[in-house]
Each structure stands twice: as structure tokens, then as C-alpha cells.
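Protein chains: 4
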Amino acid sequence: MAPHILRIDCPDEPGLVHKISGVLFNAGYNVLDNQEFVDLEAKHFFMRTAFEGAAAPDRVIPYLQQVLPASAVVKLATTEKQPVVILATTEAHCLGDLLIRHYSGELPAQIRAVIANHETLGSLVKQFSIPFHCISHKDLDRTEHEKQVIEVIDSYAPEYIVLAKYMRILTPNFVAHYRNRVINIHHSFLPAFIGAKPYHQAYVRGVKIIGATAHIVTDDLDTGPIIAQNVIPVNHTVTAAAMMQAGRDVEKIVLAKAVKLAFEERVFLHGNRTIVFE
Amino acid sequence: MAPHILRIDCPDEPGLVHKISGVLFNAGYNVLDNQEFVDLEAKHFFMRTAFEGAAAPDRVIPYLQQVLPASAVVKLATTEKQPVVILATTEAHCLGDLLIRHYSGELPAQIRAVIANHETLGSLVKQFSIPFHCISHKDLDRTEHEKQVIEVIDSYAPEYIVLAKYMRILTPNFVAHYRNRVINIHHSFLPAFIGAKPYHQAYVRGVKIIGATAHIVTDDLDTGPIIAQNVIPVNHTVTAAAMMQAGRDVEKIVLAKAVKLAFEERVFLHGNRTIVFE
Amino acid sequence: MAPHILRIDCPDEPGLVHKISGVLFNAGYNVLDNQEFVDLEAKHFFMRTAFEGAAAPDRVIPYLQQVLPASAVVKLATTEKQPVVILATTEAHCLGDLLIRHYSGELPAQIRAVIANHETLGSLVKQFSIPFHCISHKDLDRTEHEKQVIEVIDSYAPEYIVLAKYMRILTPNFVAHYRNRVINIHHSFLPAFIGAKPYHQAYVRGVKIIGATAHIVTDDLDTGPIIAQNVIPVNHTVTAAAMMQAGRDVEKIVLAKAVKLAFEERVFLHGNRTIVFE
Amino acid sequence: MAPHILRIDCPDEPGLVHKISGVLFNAGYNVLDNQEFVDLEAKHFFMRTAFEGAAAPDRVIPYLQQVLPASAVVKLATTEKQPVVILATTEAHCLGDLLIRHYSGELPAQIRAVIANHETLGSLVKQFSIPFHCISHKDLDRTEHEKQVIEVIDSYAPEYIVLAKYMRILTPNFVAHYRNRVINIHHSFLPAFIGAKPYHQAYVRGVKIIGATAHIVTDDLDTGPIIAQNVIPVNHTVTAAAMMQAGRDVEKIVLAKAVKLAFEERVFLHGNRTIVFE
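Residue numbers (the working numbering), protein chains in the order written: chain A, 1 to 278; chain B, 1 to 278; chain C, 1 to 278; chain D, 1 to 278.
Simulated from the structure, these hints should not be mistaken for lab results.
One or more of the hints may lead you astray.
One copy or two, it doesn't matter: identical chains are merged, so the pair holds either way.
[Claimed, not checked] Listed next, the in silico BS3-like pairs over lysine-lysine satisfying Cα-Cα at most 30 Å (straight line):
#, residue 1, residue 2
1, 81, 43
2, 81, 197
3, 81, 147
4, 75, 43
5, 197, 19
6, 197, 43
7, 197, 257
8, 147, 260
9, 257, 43
10, 257, 75
11, 260, 126
12, 75, 260
13, 147, 126
14, 81, 260
From a predicted model like this one, the values you see are computed outputs, not experimental measurements.
Can you make the complete structure from the sequences, with help from the hints?
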């Protein structure tokens, strides 16, 4: 039987670990893995517990409610793979990496569909027997285009939407519709080089390290909570075009890591920061 | 017109750079990029030059022979993509990564065929419209199995053979047949954990960093000249199985890097060491 | 008032977290930081808790003994700086780094003395107003030399002994005398290049990454439990001598990190592996 | 006899390598190491050559002038250690690291003096028998304070001035006085977190990697040409204060690396970018 995941997030107060672990212990569950963190500055408590046992896991909810503050956010998740929809444009490296991981069973999510605003990646997606929807933005205003995209996304009921180099700016309406459920890969080491052409900016600035950032999408472009980052060294011989190529390896690894963390229920948001139980 | 690549490798002597650059200058070529290295201990000279010009590049060969030591190894290479054949077994991550790079035009080589000793990866390869040959080792002795593999490889006349998690030990005959042309990915940070089950060895030893090594295959298993290596941190929470999964990301990036370096003619061998002009 | 540290290490059984956190909660302590880990393979439980409160911390010990398995190892530690003795030979980089950290108050330990088998580093140590003992190994057999070293070490009653490039092999007697309390820095990425001249070995092997390893000393040279490791990239242009120089930066950072982790009571040993709560 | 270093920096044109190497060859010098780079976008040529020979090295200058463009910048440097003056405030980690490297002969420069605007570091510097000048900024306007600092610096005629956590903003006059000769360590991964309190900024932003940047000082604070950068991973458990402490290790290693590169004549400036021949 697959383990269950319990996530709790609430204002800190004394004895929380004792009380929560008591609920699981008294219900006869076996705790496989437990991680908690108290943000002492924000006085906030975060906990992720993997546990197993014969009884239905949701029977613990009322007991937890008795011992937790009223404002606690409690989520019981399954370890079964949840659906994801990927948005892309024309670049294959991030999408392709996710498709290969999905193919080999490594991705802790089910790719239900890929949506793109160009036809370019259609043949790649279809050869993996995954539905591909090209929704061109041509001759559509942003709102109308997004309306069509949202309609297709919602038909798949995904847990998260992953932007795998989707080169369209999202409206606040789209962001609000999937609040805290859209994961983006930004091709720079944020907060450096926010905005367009980060590799070109990095080249002009003469940096010796470039990177990529996976983050939750919020209204402020490229400033949402960061889930994962990584970097690679560069030097004066690396042109802006070569940086872009070298950066692809970082982008795809960082995005895949963020997707894995999110679907394994390891990411908590608190203001503009994330707590990530790796 | 595509640039040409000139590779020279010879015992060191005074004035080599002056003489070689003189040949190219006098022939009217434009040098785009030049890297040289003198191994002061071995007293050996290595040079890689990218140049362009209207004239046929091989006209410089006789002039170079006049100024170089008799034992010099000179190679003129084109920057056009050369053929590669990939050998695999059942794991998809390294092969899949090469296929995606090939698909998007990023790989500086043409994948002509994939050969495997299991059927597992056949559908993945075929969906990229690349020939797949399953040559099972069942009921065959090692020599007979390799004979069949060699026959198929040779029919594609590849520049290099890439072992993308090919889990068969190669005979000296195979290695000699493709001397210095077989690139392997070893799932550990060589020379640590030579041999079988390196991730399990790493777990038992309690290391805090694991890695992968791409190398040229020689008769001594896992001890050939190293082209590229990379590592990732681990800690006590990472099981041997989780190390294996985390290691896959390192393996595929390191192997792809080694393939790129080799096909771009950036790798020189000298004894058991490599000179790599990145 | 300084926080207290509670360390527990015992065979795993259900409800440990609940019971232990209950003891602290009922005693009115405030838990500042808590980390636990269950090695599912070894069925062993590890916990490190930082807590504060008005009451004397050792009053919790009898209550903990009531709820823990009989074989549990329980340690109450203070966060006050404990004494350390450093052993060195002639190289200044690791010792110097620890002295500077000590000078600026960054090291979570008190350097009580430095012992060396050469006079070389005496002036450096003395200028920091720290006792320096030169105990030459000349004209002494190994046992007699160690006897004198042990006598001086013991006069300072250190928590740990740190080998900062101490180039003498220790006898089993010395190791047993300070069981699990001697921290060494090995100038290679163990288990690669065990033994003498690791940088020369690394050069000859042609590796592309070198590293350093801080570990607890056991009878088998260079094979004790690893606390911390780090690496840096090298290439064909780096000679064995240059590797040695570049390696010094890794060695000193890794050793200082291991010393910090050990004195902050973050390192647990289990067989040949470490659990490190960073 | 110590090798000489030749640095050349000029607009690119065909045959430069051939002509320059010809001058050295014809003068009977033995080239030990040679690195050149052509910035194809800027059409600019950079070369660093280490050579040895009996003849006085400056005899090659007139011959080089005959073959180089009129605007070429040619510098002949010795490999003997050149003087450096260090400016600091109260933090010991960067200064201490340079002092230890200097003590052990590892630094390719002679520390002639340390100047600080506080007394704090005086005893540390003096115990290394290096002159320490405290020039307090109290009761002085910025211009008057800098005037006194410049006077002391100039009395030591340093090649470079190194700011080892010198927490004073420099005036354009100071920068112009030591144009391209002031090396600073900035406690962030530039261009992220420009300005004050970068670790606090990094904490608030929730980044997963922090770093440090060594750069040449120009009038625009924190935007001069970058010589070296490095990073370390952080996570949600790392407070702003802990980031600052962890960042110190990166700062000191990056600053020491930049000082080494500069004194070994490996750094060329071109606009706001550096060419660094490592």
C-alpha cells in the first residue's frame, strides 16, 4: 500500500510536534519520514510527514483539527502520480527532458497534455502518445488566447501547470485562476537579469557564472517564490549564443527538480519564500 | 562556408606556433579560434585551430609537413556533423537525452542507429525515426555476440561509438577494433568505486558527493582516459536507490558533454590523460 | 541564556518523536530547532534538538530514559565553546584558517593548543597567543613519540583533536585513546586516491575534478566515517604541483566545516557512515 | 632565472599570432605557456605569453612594435612578487586569509601595508609584522579622509590596492587615481543584490544560492568588470545572519583568487568585461 503524505502549515506554538506525532501514533500509523521547520522570524511552523498504515488516512483529520491552531492548513496527499499539463513554445530541451523522464517512469506526475502556441513541438509530443494542442496566439488578443488555453488546461484538471520555456507573458487573470499552481523556468539566476534576453544581459555584464531558476508564477513577472536554482561557470570565451546553449542543461535539470519537489508535496509557500523539504 | 578544424599533436620544439600559424597565414586563411598546450613534463605539443577561407583546406597539409616533426599527427576535420552509433541496454536517461539533443539539432553528430541487447528501448528509438537493432546476448557467447554488434556498427561507419549505459563488458578485440573511438559513461566519480554497483558502494562508504565519468574505453575496464566528470552532493538521507536516480542527471549531462567535445574535435589523448580544449 | 542541545541515537520504534517531544513539552522547554532521521535500512533513529528554558536541562534525562529503549545513547550538550587541540606538521593553510576563524570568534570551539612535529609553524601559532608544542619525532620510535603527544593533548582535555595536515600515521593505540574524537583532513576525494601523494595520483590518472575529505579517524587509514567533502574542477593545464596548491583551498574549507559540525553536535556516527544534521 | 610575462592587447588583424611568436622565436626565447583570445564581436586580440631566455626581455619591444598595430598595448612583466596595499574595516576573514597566504608564500604579491578606518584589525596585522595604519574617518569629510588614505597608499607604491571588506564608498577621484588597479570583493553574486545588505536581500528574496564577486572598482558602485565569482547553495533554514557567515568562505576564496589572477598578469579589461587567462 502506498504511503500517505501529511502537510501542515500553521502559526508556531509550543508542543506542535508532540501533538501531531501523537495523533499519528495513536491512530496506529507508522511514520516513514518526517521533516519540520519553524521559521523563528515569522513564527510559523511547517511539517511534512510520510506515513503508512492500514486505516484510511483521512480519519486523522478531525483529531488533527483538535490539536492545531484554527488557521492551520492541513493537506493529505497521496503518493500516486497526479496530472500535469505542460505549456511550451518552440524550444525542445525542457519539454523533451520531461517527456523522457515521464517515459521512463521517473517523473512523479502524469503528463496529460502539452499545449503550445506554435506547431513546432507537435511531432515530438505526439510520438510519445501524449495529446498536443497548438493554440496559436496569432490574430487573438491576450485575453482571448488565454481563455482558449485555460479551457484546454481545465479539461485535464491538472495539479500543476508547468511552463517549459513558454514564451508568453501571463495575465493576472491566468495567474489567479491557477494560484500557486504554475511552475516556470526562468533562464537566469534570479534576481539577476530579470526580464528579456538574460543570456545577452549576462554576456554584456561579463559574469563568470550563469544559472537558471524554477519558481512559482505570481503577478510580478520573474519574482515569484523560488523553488530551485542552479548555476554553471562561464568565461570570456563563451558568447551570448553559447551561454544560451550551455544554459539549457541547467534549465532542464532545475525545472525537472522543481516539478519533482512540487509533486512530491515538498514545497511550502510563505510570503515570497519557499520551504523545501528535500 | 563552414569553418575547418586543424588538429596537431607532436613532440614539442621551439617555434611550432610561429611555423604553424605562418602556414595558415600565408595560405590566406582567417583563424577564428586557436588553442595550444604544451605538456612541459611530457614535452609534447597539442594544437586545435578553427579557420576559414575560400581555398580547399587540404592544400595546407604539405606545407605543415615541411615545418612539423616527422612524428606529428595532423588531422583536418570538417565542422559538418559526423555519424555516431549508440549502444544501450534498458535505461532510457542517457539515450533519451542524446535523442532529444539530436532532435533539436543541438548534438554535433548524426545518430545513425541505436543497438541494444534488450528490446526495451526499441519503441523510444523508433519514434525518433532512428534505426534500432536489438541484438540479444542470449544463447550467444561473448565473441559471437560482439561479432554481430560489430557487423551492424560497421555498416553505419561511425566516427565514434557511444555507450549510453550499455551494460556489457567489451572484449579486447572490440576495443582494438574501435581503438580510441568508444566513449563510455561510468556511473561513478572514477577512480572511486570502480566496478559493479558504484552507487551501492558509495552508499556503504557514506560519501557526501557522488558523480559520473565519461571516458574513452580501453582494455582495462573503467580506467580509460577521462573526458569529462561532474558531481552532485548527497547526504545521509539519500539511499543507494535514490543515489542511482539522482546520479542519472549527472550521467546524462556528462555523457552529452563528452560526445560534444569529441565530435567537435576538442579531445586529444596522450597516454592515459586527455587534453580537452573547451 | 544559551540554548541546550539534546542528542538521541537508538534503535527505531514507533512513537519516538511523540514521546521525546512530550518530555520536552511537559518540562516547559521551548524547542528552537529539531531534526530527526530514521535509517530505514538499519532501523535506527537519530535526533538533535536545540531547546531553551529556565529549568536545568539535565532534569529531562530520567524522563527520557523512561520513554527510550534501554540501548539509547542520550547526550545533553551545552552551546558553550568546548576545547580543541590541533595537530599539524609544516603546512600553514588549514591551521592558519582555523586560527583566523578562532581569532574572529567564528569557530565554535576554543583552540587550547597546537602540537607539531616540526618547529615551522611555531611562530604563526605563538603570534595568536596560543600555546605551541613542538614534539619532534626524531630519534623517537612511534610509540614513544605518540606517548609524549598524548600527554600534552590530555593536559588540555579537548573534546576533539583536529589533524590539520598532520603528516604522521597514528597507531591503533592513539586512535583507541581518542575513539571517534579525531578529525582528519585527507587531501583527496576519498575513496579515490587513498594513500600517499593523492594529487600526483590524480594528475597521473587525468581526473577532471579533485577534492578533499574530512573524516573521523579509525584504524584503517583514510577510511573512517566521512563528515564533509568538497571538490573543484581541474583540467589538463593543471600540474600535480598546481593541483596541490588549488587543493589547499578545498582542504581548509572542508576541514573548518567538519570542525564546526562536530562542535555544534551535528554529527552522529553509525557504523562507517555519518548522519550530519546541517 | 624567472620567466617573463608578455601581455598584448590590440585590435585584431590576420597573422598576429604568427608575427608575435616570430619575434620571440627569432630572439631565441623559449615559450613556456601561451594563451590568446580573439573577441570576434569586438574584433579585439588578447595574448599572454610566459617565456624564458638569457637575453634581456625588453629587447623584444621594438620588434613587437614593428609588427603590431599602433594602438597595441604591450606590457612586459616580471614574475617577481609586486607590492600590494590592503584596505579593510573590521572584518577579519578576507584580510586574515590574505595574511595567511602571504605568510606561507602562496600569495603572488608582497603585502606592504594594511590601512583600516578602525583599530579593530590592528593587532592581527601587526602580529604578522606588517605595517598597519588606522586612518579613522571620524570628524573628516570623505575627501579629506581619502586624501590621507591616498598619501599612505602612495608611499608604498603598490601595483594593486585590494579592498578586503573595506566598508567605505570611494569617490570618483580615488577611483581615477588608481584607475583599474583597485580590486574589491562584493558580498553577493553580482548583479543580484547590488547595494547594501545583500545577504538580507537574498534572504528576503528566498534565493537558493548565494555568492560573492571580485571585481575591478569603477565609478559605478558594484558594477565594475568582474574577475571572479563563486557560489554556495542555501535553503530555507539559513537565516540572513547565517548566510552572512556562510558567505565569508566564498568571499575570501574569491578575493584571493582574483588577487592571484591580477598579480599573475592574467586579467585583461575590455570595456566592462574581463578576459581572464586561467
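Status of residue 197 relative to residue 81 across identical chains (alpha carbons, at most 30 Å) = Between copies only: 29 Å across chains, 35 Å inside a chain, cut-off 30 Å.
Go through the copies and call it for residue 81 and residue 260: within, between, both or neither, with a Cα cutoff of 30 Å.
-> Within one copy, since 11 Å is at most 30 Å while 35 Å is not.
Alpha-carbon proximity between residue 147 and residue 260, which holds within one copy, between copies, both or neither at 30 Å = within (28 Å within a copy, 42 Å between copies)
Same-copy or cross-copy closeness of residue 257 to residue 75 [CA-CA at most 30 Å] = Within one copy only: 22 Å inside, 37 Å across.
Could you figure out if residue 260 and residue 126 sit no more than 30 Å apart (CA to CA) within one copy, between two copies, both or neither?
-> Intra 23 Å, inter 28 Å, cutoff 30 Å: intra and inter.
Between the shortest in-copy and the shortest cross-copy C-alpha distance, which are at most 30 Å for residue 197 and residue 43: within, between, both, or neither?
-> between (39 Å within a copy, 23 Å between copies)
Check residue 75 against residue 43 for me: Cα-Cα at most 30 Å, and say if that holds within a copy, between copies, both or neither.
-> Result: close both inside a copy and across copies, 20 Å intra and 28 Å inter.
Copy assignment of residue 75 with residue 260, given that the CA separation must stay at most 30 Å = Within. Shortest intra-copy distance 18 Å satisfies the 30 Å Cα cut-off; inter-copy 37 Å does not.
Evaluate residue 147 and residue 126 at a C-alpha cut-off of 30 Å and name the case that applies: within, between, both or neither.
-> within (24 Å within a copy, 36 Å between copies)
Checking residue 197 and residue 257: alpha-carbon separation at most 30 Å within a copy, between copies, both or neither?
-> Classified as both; 23 Å inside a copy, 24 Å across copies.
Since the copies are identical, ignore which copy is meant and state whether residue 81 and residue 147 lie within 30 Å (CA to CA) inside a copy, between copies, both or neither.
-> Answer is within; shortest intra-copy Cα gap is 27 Å, inter-copy 43 Å.
Is it within, between, both, or neither for residue 197 and residue 19, if the alpha carbons may be no more than 30 Å apart?
-> neither (50 Å within a copy, 39 Å between copies)
Hint check: a violation occurs at hint 5 only; the rest are consistent with the structure.
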